[in-house]
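There are 2 protein chains.
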Amino acid sequence: MEKPTLPKGTRDFGPSVMAKRQFILNTIRTVFQTFGFQPLETPAMENLSTLTGKYGEEGDQLLYKIIDSGEPFEKLKGQVKHSKTIVNFSEVLFDYLKQFTYNTSINSQLTVADIQNNLAEFFDQFEFDKHVDNSTVDEWQYGLLKNYLKKNIPIFAQILADFYQSLNYEVLEINKRIDEIKFSKFYDFVSDQLAHYYFSSIPSKKLTPQISEKGLRYDLTVPFARYVVMNQHDITFPFKRYQIQPVWRADKPQKGRYREFYQCDADVVGTNSLICEAEIILMIKEVFKGLRIEDYTIKINHRGVLSGIAEVIGEKTNETALFVAIDKLDKSGEEKVRAELSGKNFSEQSLTTLFEILNTKASTSEKLLMLSEKMGNSSTGKKGIQDIQEVSSLLTQFKSNDDHVEFDIALARGLSYYTGCIFEVKINNVTIGSVSGGGRYDNLTQGFGDKENLSGVGFSFGVDRLYDAMEELKIFPTEAKLSSKVLICHFDDESMRYGLAILTRLRANGIASEIYPDVTKLKKQLDFSNKKEIPFTIIIGSEEMKTGLLAFKDMNRGEQQTLTIEQIIQKLK
Amino acid sequence: MEKPTLPKGTRDFGPSVMAKRQFILNTIRTVFQTFGFQPLETPAMENLSTLTGKYGEEGDQLLYKIIDSGEPFEKLKGQVKHSKTIVNFSEVLFDYLKQFTYNTSINSQLTVADIQNNLAEFFDQFEFDKHVDNSTVDEWQYGLLKNYLKKNIPIFAQILADFYQSLNYEVLEINKRIDEIKFSKFYDFVSDQLAHYYFSSIPSKKLTPQISEKGLRYDLTVPFARYVVMNQHDITFPFKRYQIQPVWRADKPQKGRYREFYQCDADVVGTNSLICEAEIILMIKEVFKGLRIEDYTIKINHRGVLSGIAEVIGEKTNETALFVAIDKLDKSGEEKVRAELSGKNFSEQSLTTLFEILNTKASTSEKLLMLSEKMGNSSTGKKGIQDIQEVSSLLTQFKSNDDHVEFDIALARGLSYYTGCIFEVKINNVTIGSVSGGGRYDNLTQGFGDKENLSGVGFSFGVDRLYDAMEELKIFPTEAKLSSKVLICHFDDESMRYGLAILTRLRANGIASEIYPDVTKLKKQLDFSNKKEIPFTIIIGSEEMKTGLLAFKDMNRGEQQTLTIEQIIQKLK
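Chains A and B, in that order, are what the protein sequence lines are.
The number in the working numbering is simply the position in the first sequence, starting from 1, with 5 added.
The number in the working numbering is simply the position in the second sequence, starting from 1, with 5 added.
Don't read these hints as lab results, they were simulated from the structure.
Among the hints, erroneous ones may be present.
[As the list claims (entries may be wrong)] Partial chain A-side listing against chain B, Cβ under 10 Å, derived:
1. Y69
2. T213
3. R262
4. D407
5. G515
6. V524
[Said to hold, decoys possible] Taking lysine to any residue pairs in the SDA-like style, the calculated list, with each CA pair at most 25 Å apart, reads:
7. B:K290 to A:G75
8. B:K479 to B:N535
9. B:K404 to A:A513
10. A:K210 to A:G75
11. B:K257 to A:D73
12. A:K529 to A:P482
The beta-carbon is built from N, C-alpha and C at its ideal position, and this holds for glycine as well.
Only chain A is shown next, with the shape it has when bound in the complex (with noise of 0.2 Å):
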């Protein structure tokens, strides 16, 4: 038998790297429910009428596809039998067959070949279009079908010539009953081969969505949004919510890429405060002071500033091009966005001032001056430049302030839908890309046809990256832990039954404990704590059955104390 694998780009977490993911979902958790959003959990699967359509055709070839229970692929081959254009094309083949027959000396013996010969005459004078009601069918299974009959007449012949055969009667018999033979009955008998046929035919594209209706969430936000529809009328607005739960993308695996990772969101819809702007800037300082990650930086602009720049070099209908362009500005530097918007036809003149705008180095004060004397007459670009302003305003009222917040006019962010601010966070000094992102967004239900759409702000933590990032800064606390903090060794039957009750104490005191469950030499116990990390044990002899004092161990210091149950639960608490 083989070795089991897991699937690629997908992770086991052990308990270290639990212990170590606990610390930062809990962190994140934590910080969420003080800003007064509350969770959300949605399913692993979601219908595909939900799912696709909503990422562009690259995401869509990312979805996981799970496959209908049952027996699908007998359903499909049941469905297209009697599909109506095999209904359809099962009639006129009845049809010639009823005229053929008629037209056949009575005498004469059919062979497959004069079938053949007379279907093909048949089939070039017939206009199939006349007989077949294709408002009702699927064009594409029309189209194929009626090459199909064409092309392969030998085929058709032998199926007619095998349904006379099938019914056991001389031709002449055949020309007297034909009005007998029920059309149900040759029905079955042609639909078979041409269901059959048509099966295989079908591409995968075509087949895929036959067999599965359900797909693996490919992120949170489309699973919020399909919420959000389904229940609007009993969720009260503004409404802050926060998701944390894996996704599923079909990517090719790479590192720090995975097929099955974490997404920690949390939206506010249903309204275009500021304060959630600020709020989110706020939460993101939190979580970075509670995971002890001290050099980042918080980007921000906002597709006003970019639209408004857009307005300004004279490009303001080739806006995306433009956004597509600066986005890669961070990866591939200056001279390859000038050459690709060149490329689109931008002037020259219009480049440079793009360039002038985009490497400004200053403050975000004098950016912002920068930017209004330069987009003075676009009234997006000027409120843009307001609600940078005003979300600054707010991080003071907040008693906060700038610091790690760095107005980027250079930020882009690919999303298409974003509206208004958009963030981004990068720790510095790390390999990793950014650990976060979002933004104002408002049009999250349009999606599924909804006329009131809902305006609103969200973000997300990468918790692989900031897991990789803290691995990387080595600042995971050493708390960060989830092993026992102490384990009970004994000597012999009678002190390990002596530990139970030293272990009930110290549970009922919330203090992790195990106790080593076999009879077994003291060295092998005291291995078994160090390669578990537990920090202290209780070793139980017959001297500390008698006197109640505990031998207590610091493994790390390798220090050993004599100490009463008391002592050492206040010790450890």
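Dock chain B against the given chain A, drawing on the hints supplied.
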């Protein structure tokens, strides 16, 4: 556009449900950790080779299978085309072609009918088995194609005729150049047709594994066993792990049965110590104490006791049938179980003894005495009795007792892998079935071909059932809510901004709080607070800003006080 829906059998957990679920999960998690269990998380997706064959045929059918990414059907058709069988058959046909061409008189014009007749003769005489190396091919595939060739001679005649035509040669030419016709050219032509046919003929059961190699986990035990096998050299045994994650089953959704639900498992592997069994009972008691569930029963039995009974009544060889029947005693009653066992040739006398034992109403110690007398000669039976006695004795050593514990000789638990103690927990006076269960097993890793079979003992809580039971008993504590504790209300932009600093003070003290983020009527803000069940509000007006004394309102009692922020923090902390 249609309103979005949820897949059948799945649920969203909105804020109020989440709060209660988190209360349950946190209680369980804390107890697990206090008892020295460490967390493990495994991926949602496992290889189907890991999952299938572990849950019986019925279980296999309930596995959710994920369609391979890419174009699985196209890949499959490609694989079929290049399969050994198809290559072999193409060779046979090519041989035929050459032979036939040589034998055809040079100037005659080949018709489809000619080929057809000749091919029929050829296939009749041809011994496929000698020409096709079917030791290396899928026998089923081979049989399918052989039948296909014989049955569909006209189709092959057409393929061959088409091939001639595609070469654009006169027969004369072909005859001269037949050796120059590369097999590869012919093969491409023919194998496409064969692959097409083969693909359309594959039944679902054979097709699914070819387009799906991953499935969603069905439980937490198999992923745990897979983890242990993969990491056995790094794990320190005895290994105590807990795992709290959702599982998925393509079951018929019905009340209380979902397609996605959480399991909470705790297992110890690598020790036979009965301390583990005693600790399971202690953990169940601790969890129920934490959840404030008072009236419940922990049923305990032992597979050895059941085997001993089978031996005593002379039905040792029918053990499994006996256990399966006893398992239904609770639901079906004695009469039906008797009938079932009679039907399986259990003698009247054996059944009389059986029900005498099963129906014994007595204390645990009396039952044990009765069994000791009856099972004096069964060593497995005696071991079972000793284990039950030892677990009871260990509970005393732990300073606990037999409260809530019931030795139930009729408890069988269907799963065949249990070998020692078995448990089942029921909450009394509710309509919900068992909320927890488990037992000892000897063969955790056997399913993965592991020779060093690990024995262990584990149990599991059903969160959904616990939830339903607690709702039925109406015992969720009112604290099990995750809304903010305070909402800050205001009258205008100025007082709203003033409130932000208050908010920061509250949050810095760990008090979950929020501000109504838009300037609006006070009534709307108070309504918002009531709807979200936020228990307190702080109302800020001009007077409050002047004096720093805040209007603090208890929303449940309707009482309002004037307090400083420090006083409010003291009240809420």
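Is the straight-line distance between the alpha-carbon of B:K479 and that of B:N535 25 Å or less?
-> Holds. B:K479 to B:N535 sits at ~21 Å (cutoff 25 Å).
Residue hint A:R262, partner chain B, criterion CB-CB below 10 Å | 14 Å, violated
Report holds or violated for the interface hint on A:G515, using the least CB-CB distance to chain B and a cut-off of 10 Å.
-> 6 Å, holds
Taking 25 Å as the top limit, are the C-alpha atoms of B:K404 and A:A513 close enough?
-> Satisfied, since the Cα-Cα distance of roughly 11 Å is no more than 25 Å.
Within a Cα-Cα threshold of 25 Å, do A:K529 and A:P482 meet the stated pairing?
-> Distance ~28 Å between A:K529 and A:P482 Cα, so the pair is violated.
Evaluation of the interface hint that places A:T213 against chain B, nearest CB under 10 Å | 6 Å, holds
Sort out whether A:G75 lies within 25 Å of A:K210, counting only the CA atoms.
-> With a Cα-Cα distance of about 21 Å, the restraint between A:K210 and A:G75 holds, given a limit of 25 Å.
Given A:Y69 was flagged as interface, is its beta-carbon under 10 Å from a beta-carbon of chain B?
-> 5 Å, holds
Sort out whether A:D73 lies within 25 Å of B:K257, counting only the CA atoms.
-> 13 Å, holds
Keeping to a limit of 25 Å between CA atoms, is the pair of B:K290 and A:G75 held or broken?
-> Not satisfied, since the Cα-Cα distance of roughly 41 Å exceeds 25 Å.
Against chain B, is A:V524 within 10 Å by beta-carbon distance?
-> 9 Å, holds
Hint status (Cβ of A:D407 to nearest Cβ of chain B, threshold 10 Å) | 15 Å, violated
In this structure, the earlier hints numbered 3, 4, 7, 12 are contradicted, and the remaining ones agree with it.
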